Amino acid sequence: MKQHLGRQSGVQSVDVSLLDGKVQIVPKEDGRIDPGQLLKAVYDSGVSVAEMDVIARGKIARDSSGELALQVAPNQSFNLEPNDMSKQLEPLAGQPTVITVRGQLYKKPAGKKKSKPDVSAPRKLLILEVQKKE
Amino acid sequence: MDAKKFVLLVLLGGALSPISQAQIKHIEMRVEGMT
Numbered sequence: 001m002k003q004h005l006g007r008q009s010g011v012q013s014v015d016v017s018l019l020d021g022k023v024q025i026v027p028k029e030d031g032r033i034d035p036g037q038l039l040k041a042v043y044d045s046g047v048s049v050a051e052m053d054v055i056a057r058g059k060i061a062r063d064s065s066g067e068l069a070l071q072v073a074p075n076q077s078f079n080l081e082p083n084d085m086s087k088q089l090e091p092l093a094g095q096p097t098v099i100t101v102r103g104q105l106y107k108k109p110a111g112k113k114k115s116k117p118d119v120s121a122p123r124k125l126l127i128l129e130v131q132k133k134e
Numbered sequence: 135m136d137a138k139k140f141v142l143l144v145l146l147g148g149a150l151s152p153i154s155q156a157q158i159k160h161i162e163m164r165v166e167g168m169t
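Note that the protein sequences, when read in sequence, are chains A and B. Residues in the first sequence are numbered consecutively from 1, following the numbering used here. Residues in the second sequence are numbered consecutively from 135, following the numbering used here.
Just chain B, same shape as in the assembly (with noise of 0.2 Å):
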């Protein structure tokens, strides 16, 4: 792979690796008229 490639590639990981980690977690409700 050329010097090139590599640099765009490290770009493109560094641009789009914080949001493809973002999620929710974790969801808790409290529920009412459960038996």
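Same shape as in the complex, but just chain A (with noise of 0.2 Å):
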């Protein structure tokens, strides 16, 4: 699993805990990642994804439907699941303020024992903590 998550564009370290069934992924510093395909390339490696945790680093906006998303990259940005966090930062959408958040990019569904994430799904972002704004 580690050499074929270490395989996926925008990587640029896996550090597989087998004690704690964790997996953590450091992207490359100006690489762009996908967190779909990461789930895939888990998946097809014989495992399957509980959770899947994000720190990211990037600005509030709306996307056409008016819906609040965190814009990561020019081109990649992930709508927020709307939660009292997110309310929080509605005043941010469309300012120039960078924020780090942690959230929650996907969780296995409740009562399924192996499920295919949905690589080409739009992923929706629940924040789960503000750790900077700037």
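Note that these hints are calculated values from the structure, not bench results. One thing to keep in mind: the hints can contain errors.
Straight-line distance between alpha carbons at most 30 Å, and here's what the computed DSSO-like set of lysine-lysine pairs gives [what the hints assert, rightly or not]:
#: 1; chain 1: A; residue 1: Lys40; chain 2: A; residue 2: Lys28
#: 2; chain 1: A; residue 1: Lys124; chain 2: A; residue 2: Lys22
#: 3; chain 1: A; residue 1: Lys124; chain 2: B; residue 2: Lys139
#: 4; chain 1: A; residue 1: Lys132; chain 2: A; residue 2: Lys22
#: 5; chain 1: A; residue 1: Lys107; chain 2: A; residue 2: Lys87
#: 6; chain 1: A; residue 1: Lys132; chain 2: B; residue 2: Lys159
#: 7; chain 1: A; residue 1: Lys22; chain 2: A; residue 2: Lys107
#: 8; chain 1: A; residue 1: Lys28; chain 2: A; residue 2: Lys2
#: 9; chain 1: A; residue 1: Lys133; chain 2: B; residue 2: Lys159
#: 10; chain 1: A; residue 1: Lys124; chain 2: A; residue 2: Lys107
#: 11; chain 1: A; residue 1: Lys132; chain 2: A; residue 2: Lys108
#: 12; chain 1: A; residue 1: Lys87; chain 2: A; residue 2: Lys108
#: 13; chain 1: A; residue 1: Lys40; chain 2: B; residue 2: Lys138
#: 14; chain 1: A; residue 1: Lys132; chain 2: A; residue 2: Lys28
#: 15; chain 1: B; residue 1: Lys139; chain 2: A; residue 2: Lys108
#: 16; chain 1: A; residue 1: Lys107; chain 2: A; residue 2: Lys133
#: 17; chain 1: A; residue 1: Lys108; chain 2: A; residue 2: Lys40
#: 18; chain 1: A; residue 1: Lys28; chain 2: B; residue 2: Lys139
#: 19; chain 1: A; residue 1: Lys87; chain 2: B; residue 2: Lys159
#: 20; chain 1: A; residue 1: Lys40; chain 2: A; residue 2: Lys124
#: 21; chain 1: A; residue 1: Lys2; chain 2: A; residue 2: Lys87
#: 22; chain 1: A; residue 1: Lys108; chain 2: A; residue 2: Lys124
#: 23; chain 1: A; residue 1: Lys22; chain 2: A; residue 2: Lys40
#: 24; chain 1: A; residue 1: Lys28; chain 2: A; residue 2: Lys124
#: 25; chain 1: B; residue 1: Lys139; chain 2: A; residue 2: Lys107
#: 26; chain 1: A; residue 1: Lys124; chain 2: A; residue 2: Lys2
#: 27; chain 1: B; residue 1: Lys159; chain 2: A; residue 2: Lys22
#: 28; chain 1: A; residue 1: Lys2; chain 2: B; residue 2: Lys159
Between beta-carbon pairs, the in silico distance windows are [stated by the list, open to error]:
#: 29; chain 1: B; residue 1: Glu162; chain 2: A; residue 2: Asp44; range: 17 to 23 Å
#: 30; chain 1: A; residue 1: Gln88; chain 2: B; residue 2: Gly167; range: 33 to 39 Å
#: 31; chain 1: A; residue 1: Pro109; chain 2: B; residue 2: Lys139; range: 24 to 30 Å
#: 32; chain 1: B; residue 1: Glu166; chain 2: A; residue 2: Ala93; range: 33 to 39 Å
#: 33; chain 1: B; residue 1: Lys138; chain 2: A; residue 2: Ser17; range: 55 to 61 Å
#: 34; chain 1: A; residue 1: Glu129; chain 2: B; residue 2: Lys138; range: 17 to 23 Å
#: 35; chain 1: A; residue 1: Asp34; chain 2: B; residue 2: Gly167; range: 18 to 24 Å
#: 36; chain 1: A; residue 1: Gly66; chain 2: B; residue 2: Lys138; range: 34 to 40 Å
#: 37; chain 1: B; residue 1: Glu162; chain 2: A; residue 2: Pro91; range: 26 to 32 Å
#: 38; chain 1: B; residue 1: Glu162; chain 2: A; residue 2: Ser64; range: 29 to 35 Å
#: 39; chain 1: A; residue 1: Thr97; chain 2: B; residue 2: Gly167; range: 20 to 26 Å
Computed from a predicted model, the values in this text were never measured in an experiment. Ideal Cβ placement from N, Cα and C applies to all residues, glycine included.
Using the hints, put the two standalone chains together into the complex.
Shown next, in the form of structure tokens:
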């Protein structure tokens, strides 16, 4: 799995902890990384992902349908799952403020033993913590 | 470089720099079925 993940574009390093079942991925400094492809890569190596958390830095924007999103690259953004944290970030939409957040991009549906994640589905980011505002 | 070009360069840099620093910094996955 480590080699499989390491071959994905934008991945700088992969650290697998067998003890607690955690996989840490450090993206390349300037590379674009696709969380959907990482989910697929893990699934293809024979294990299933229970949760995927990210730490991301970007600006709050609104997409064409008016939904809040975190823009992490000029052509990559994640729509925000509405919660208390996303409500607090609403005034920052369209502002030049850059924020660093910890959030959840994927959680395995309850009750399913092994399910193939839909890599083409747009991922919504559930913000768990705002770490920095700049 | 004339002043007009310099001002344009500063404004453009200011507009582009915040998003150029934006990125995914770290990803952590909890996996099941790993041996």
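These are the hints, each one checked on the structure:
1. For the hint linking Lys40 of chain A to Lys28 of chain A, the alpha-carbon distance of about 19 Å falls within 30 Å, and the restraint holds.
2. Annotation: proposed proximity of Lys124 of chain A to Lys22 of chain A holds, straight-line Cα distance about 21 Å (limit 30 Å).
3. Between Lys124 of chain A and Lys139 of chain B, the direct Cα distance comes to roughly 41 Å. Violation of the 30 Å bound is thereby established for this hinted pair.
4. In summary, the hint linking Lys132 of chain A to Lys22 of chain A is supported, as the alpha carbons are separated by about 25 Å, within the 30 Å threshold.
5. Of the pairs offered as hints, the one joining Lys107 of chain A and Lys87 of chain A holds, with about 21 Å between alpha carbons and a cut-off of 30 Å not exceeded.
6. Of the supplied pair hints, the one linking Lys132 of chain A and Lys159 of chain B holds, its CA atoms being roughly 13 Å apart against a limit of 30 Å.
7. For the hint pairing Lys22 of chain A with Lys107 of chain A, the CA-to-CA distance comes to about 14 Å; that is within 30 Å, so the pair holds.
8. Distance hint between Lys28 of chain A and Lys2 of chain A is fulfilled; the C-alpha atoms sit about 16 Å from each other, no more than 30 Å.
9. Restraint check for Lys133 of chain A and Lys159 of chain B: the C-alpha separation of about 15 Å stays at or below 30 Å, so the hint holds.
10. A hinted pair counts as satisfied when its Cα atoms are at most 30 Å apart, and Lys124 of chain A with Lys107 of chain A qualifies at roughly 11 Å.
11. Restraint check for Lys132 of chain A and Lys108 of chain A: satisfied, since their Cα atoms lie roughly 28 Å apart, inside the 30 Å limit.
12. The straight-line distance between the Cα atoms of Lys87 of chain A and Lys108 of chain A is roughly 25 Å, inside the 30 Å bound, and the hint therefore holds.
13. Proposed proximity of Lys40 of chain A and Lys138 of chain B is contradicted: the alpha carbons are some 50 Å apart, above 30 Å.
14. Only pairs whose Cα atoms come within 30 Å are accepted, and Lys132 of chain A paired with Lys28 of chain A is accepted, the gap being roughly 21 Å.
15. Distance restraint check for Lys139 of chain B and Lys108 of chain A: the Cα-Cα separation of roughly 53 Å exceeds the 30 Å cut-off, and the hinted pair is therefore not satisfied.
16. This hinted pair checks out: Lys107 of chain A and Lys133 of chain A have alpha carbons roughly 26 Å apart, not beyond 30 Å.
17. With a C-alpha separation of about 13 Å, the suggested pair Lys108 of chain A and Lys40 of chain A falls inside the 30 Å cut-off, and the hint holds.
18. For a cut-off of 30 Å, the pair hint linking Lys28 of chain A to Lys139 of chain B is broken: about 33 Å separates their Cα positions.
19. Proposed proximity of Lys87 of chain A and Lys159 of chain B is supported: the alpha carbons are some 23 Å apart, at most 30 Å.
20. With a C-alpha separation of about 17 Å, the suggested pairing of Lys40 of chain A with Lys124 of chain A holds against the 30 Å cut-off.
21. Between Lys2 of chain A and Lys87 of chain A the alpha-carbon distance is near 37 Å, which puts this suggested pair outside the 30 Å criterion.
22. With a C-alpha separation of about 13 Å, the suggested pair Lys108 of chain A and Lys124 of chain A falls inside the 30 Å cut-off, and the hint holds.
23. Restraint check: the Cα-Cα separation between Lys22 of chain A and Lys40 of chain A comes to about 16 Å, which is no more than 30 Å; the hinted pair holds.
24. Between Lys28 of chain A and Lys124 of chain A the alpha-carbon distance is near 22 Å, which keeps this suggested pair within the 30 Å criterion.
25. Simply put, Lys139 of chain B and Lys107 of chain A have alpha-carbon atoms about 50 Å apart, too far for the 30 Å limit, and the pair is violated.
26. Between Lys124 of chain A and Lys2 of chain A, the direct Cα distance comes to roughly 25 Å. Compliance with the 30 Å bound is thereby established for this hinted pair.
27. Taking the CA atoms of Lys159 of chain B and Lys22 of chain A, the gap is near 17 Å; set against the 30 Å cutoff, the hint holds.
28. Simply put, Lys2 of chain A and Lys159 of chain B have alpha-carbon atoms about 18 Å apart, close enough for the 30 Å limit, and the pair holds.
29. Checked against the hint of 17 to 23 Å, the C-beta distance between Glu162 of chain B and Asp44 of chain A comes to roughly 19 Å, which is consistent with it.
30. Against the hinted window of 33 to 39 Å, the Cβ-Cβ separation of Gln88 of chain A and Gly167 of chain B comes to about 37 Å, which satisfies the hint.
31. Checked against the given bound of 24 to 30 Å, the beta carbons of Pro109 of chain A and Lys139 of chain B, roughly 56 Å apart, lie outside it.
32. For Glu166 of chain B paired with Ala93 of chain A, a C-beta distance near 36 Å keeps the hint of 33 to 39 Å intact.
33. Between Lys138 of chain B and Ser17 of chain A the CB atoms are about 56 Å apart, so this pair conforms to the stated range of 55 to 61 Å.
34. At about 44 Å, the CB distance of Glu129 of chain A to Lys138 of chain B disagrees with the hint of 17 to 23 Å.
35. As the Cβ distance of Asp34 of chain A to Gly167 of chain B is approximately 23 Å, the hint placing it in 18 to 24 Å holds.
36. Between Gly66 of chain A and Lys138 of chain B the beta carbons are some 37 Å apart, a value that agrees with the proposed interval 34 to 40 Å.
37. Range check, Glu162 of chain B to Pro91 of chain A: about 29 Å between beta-carbon atoms, so the 26 to 32 Å window is met.
38. Between Glu162 of chain B and Ser64 of chain A the beta carbons are some 31 Å apart, a value that agrees with the proposed interval 29 to 35 Å.
39. At about 41 Å, the CB distance of Thr97 of chain A to Gly167 of chain B disagrees with the hint of 20 to 26 Å.
Going through the hint list in order, the structure does not satisfy hints 3, 13, 15, 18, 21, 25, 31, 34, 39.
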